[in-house]
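Asks: Based on the hints, put chain B in the right spot on chain A.
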Amino acid sequence: MTDNIVEDALGRVLAYLRLSGVTVGTGTTRAALRLVDETLEAGEDGLLERLMAAVPERFGLDHPEPPMLAPPVRHGSIHYARRS
Amino acid sequence: MTDDTPRPRRHRWKPVAVLRRTTLIVLVIAQTLAGLYGMQSVLPYHGGNLLEKGILFLFAVLFAWISVGFWTALLGFWLRRRGGDPWSLVRRYDAATVAATPLARTAVVMPIYNEPVDRTLAGLRATIQSLRETGELDHFDFYLLSDSRDAEQWLEERTGWYRLCEEQGLQGRLFYRHRPVNLNFKSGNVADFLRRWGRDYEYMVVLDADSVMGGHTLTRMVRHMELAPQIGILQTSPSLINAHSAFARFQQFANRVYGPLFTAGLAGIQLGEAAYWGHNAIIRCKPFMEHCGLRHLSGFGLFRGPIMSHDFVEAAYMGRAGYEVWMEPELDESYEESPPTLVDELTRDRRWAKGNLQHAWLFLFAPKLRFAHRMAFLNGILSYLSSPIWLAFLVLTSIEATRLTLWPIDYFPEQQNSMFPAWPEWHPHWAVGLILSTFFLLFLPKFLAILDVLLSGKRRQYGGAWRLFFSVCLELLVSMLLAPIRMLTHSRYVLESLFNVSLHWGGQNRTDETGWREALVSHAPGTLLAVGWAGLALWLDPFFFFWSLPVALPLILAAPTSVVLSRMALGEALRRHRFLLTPEEQRLSPQVDAIADPRPLNPGALSAFDAAVVDPRLNRMHRALARRRRCLDPEAREEWVQRCLKHGPDGLNRRQLNALARDGEVLARLHTAAWVAAPDSYWGERIGLVKRRDYG
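Protein sequence lines, in the order shown, are assigned to chains A and B. Each residue of the first sequence is one higher than the last, beginning at 1 in our numbering. Each residue of the second sequence is one higher than the last, beginning at 1 in our numbering.
Just so you know, these hints were derived from the structure itself, not from any lab. None of the values given here were measured: they were computed from a predicted structure. Positions of the beta carbon are idealized from the N, C-alpha and C atoms, including for glycine. Misleading hints may appear alongside valid ones.
[Stated by the list, open to error] Per label pair, the in silico range of CB-to-CB distance:
| id | chain 1 | residue 1 | chain 2 | residue 2 | range |
| --- | --- | --- | --- | --- | --- |
| 1 | B | R576 | A | R30 | 45 to 55 Å |
| 2 | A | A53 | B | L632 | 23 to 33 Å |
| 3 | A | G25 | B | E685 | 25 to 35 Å |
| 4 | A | E7 | B | Q586 | 21 to 31 Å |
| 5 | B | E685 | A | A53 | 17 to 27 Å |
| 6 | B | Q642 | A | I5 | 23 to 33 Å |
| 7 | A | M68 | B | V501 | 42 to 52 Å |
[Claimed, not checked] Here are some, though not all, of the chain A residues that point toward chain B, as calculated from beta-carbon distances under 8 Å:
| id | residue |
| --- | --- |
| 8 | T29 |
| 9 | R30 |
| 10 | G43 |
| 11 | L48 |
| 12 | L69 |
| 13 | V73 |
[Said to hold, decoys possible] If you want the ones that stay clear, here's a sample from chain B, every Cβ over 12 Å from chain A, calculated:
| id | residue |
| --- | --- |
| 14 | L33 |
| 15 | Y93 |
| 16 | F185 |
| 17 | A483 |
Just chain A, with the same shape it has in the complex (with noise of 0.2 Å):
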């Protein structure tokens, strides 16, 4: 059986929640719920596009800087013999 749409947002918010290292325990979900119920006040229609909009916002999710790929190059050279 598929989800009807209000589940299914209710589910994208919550993935989203956890994957961006959220706990998702009752306060968070009642606060999703409580997300798609405000969204859905305007119509199902683009009800994804501004759900999902509206997480990051809503839930305050950090954007940590990533690790340092590499540190900053100090150039040097290979040299090579004449002959091999």
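Replies: For chain B alone, kept in the frame of chain A given last:
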């Protein structure tokens, strides 16, 4: 050497090295002459015609080759029974001096190319954790140097790197560099690292994708390098671990039981002019950068272009610059893995064969190389060239047998200007004696290895004396089955190399078993050849048929041998019955334990590209690390994005996928679109997967 570098001091090991090498050469020559005399007596015309001269020449090369191995193992046995080589580097300084030596900044670099990410990073994680336990982790930085070209592969590597950074708290200490253009293979990858960051480090430890090293060993190596500034490279002798298939367990057992004898002997002969094996070694960065640049070969065919097998050459150049290169078998906690199947080993050997044969050019023409390093080149060349020599020997002896059976006896050969007839003589007892003496040279080191284990009081680590003996007998049988297969395949590789056929360069398979179809197809030429040869032998002479069987039978059985040995179940069954046991299998060290069952760093439900699009944290990470420059045609980019939105990554080729994965703006668009995609669309289905609570 440059003016500001202190000129290395000469050490007393040199006269010892000269004495040992001279003794080895004298023994090998004497033994080869004795073998040659025996062979000459066996041949019906005693080397009196061109064909027999050819047989004698090939026999001399092969006999000398196995003689070198025999005496090396004997020296190794003697040195080990003495409690180790008194001239080795690790015995130069007492433990307190070594422990009191401060460490220097060291980069641990791991060049990777299409390797299984979880296993590779499990090895690096084990090395990091072991270093952490020494309390000296702060002296080391870590670099994953990727040459992988598929977006799926390098995205997975970068995700693994990101998670490992978080897990180990090594942000800013563990780095990932992806090189989109794989110039000059692995040596080019390491050279690229040195050009960018080599000046930041005194030393670099080079690891292979399947390497693991203990922290205590790493710190000990750095301290030895600090104590002996004339050393350019210090190589460990890695033990094989984590074998599961029967094939890998045989290789692992052989490496663990016989390996110490051969490496102790080899190290004893080479001393400060050893070879570098390309990984599990520490290198002094500055002289390496100043003297070990690999110029393209300037010859013809195979001998023109980039050097494929770089390690021996780098050791030789380091030696030429006045630095010492040591291989220290007593440095433990150094591990690597065996290819899981015969097919994988032979695939790897194709690359190695070409690389080693290329060294012939340097062996002959590179100026001012040390004698020992030229001998190391020769050793590498003969590792592969001995196969076609053996094959040629078999061909000539077959012609000899055919000629004696089918042709009338030539009493007055052209080469013999004599009035008296040349009577062909046949001495079966001489032939038997020669075969037995060859077996003696080949097998005595293996039984000395058993004796070494027993005398060391370590038999329990190998399952007990009887199981050890039975395992060695089993290994002997398998090595006799594998030798002709390797011989024929290596002969083909040598011919391919000499005719300079282009090679596919790919990462090793470290998991899969060999299927019947693959084995039958790949071994079919050898099997057919062996059936034909054995049939001819049977038709000619029953004695010649029996003589051909040790080579023909393994070739006929090559496909089943390959399939059966690739089986994990057989490897595990042997382990359960405590055969082919090694010390590491019984007393798992933390390093070995960590890679035996690697914790996955990437959730399995999504591909690396899908995860980079869907997972919010990974998406942010990949976006932040994406290129700032955009080189794509906007129209083409838009078309690929639309295709990706509709069909996912399968709708794009490798180049297109690489371009999108490197574009931060595209990744952001795909991320947003994926989370609002209809449930029955490609991206909607991916979201459906991550909605399951067990994802991640």
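Asks: Next step is simple, just say for each hint if it's right about the structure.
Replies: Do the hints match the structure? See the list:
no.	hint	in the structure
1	R576(B) to R30(A): 45 to 55 Å	53 Å, holds
2	A53(A) to L632(B): 23 to 33 Å	27 Å, holds
3	G25(A) to E685(B): 25 to 35 Å	28 Å, holds
4	E7(A) to Q586(B): 21 to 31 Å	53 Å, violated
5	E685(B) to A53(A): 17 to 27 Å	22 Å, holds
6	Q642(B) to I5(A): 23 to 33 Å	25 Å, holds
7	M68(A) to V501(B): 42 to 52 Å	43 Å, holds
8	T29	12 Å, violated
9	R30	17 Å, violated
10	G43	15 Å, violated
11	L48	4 Å, holds
12	L69	5 Å, holds
13	V73	5 Å, holds
14	L33	36 Å, holds
15	Y93	30 Å, holds
16	F185	15 Å, holds
17	A483	34 Å, holds
When the structure is compared with the earlier hints, violations turn up for hints 4, 8, 9, 10 and for no others.
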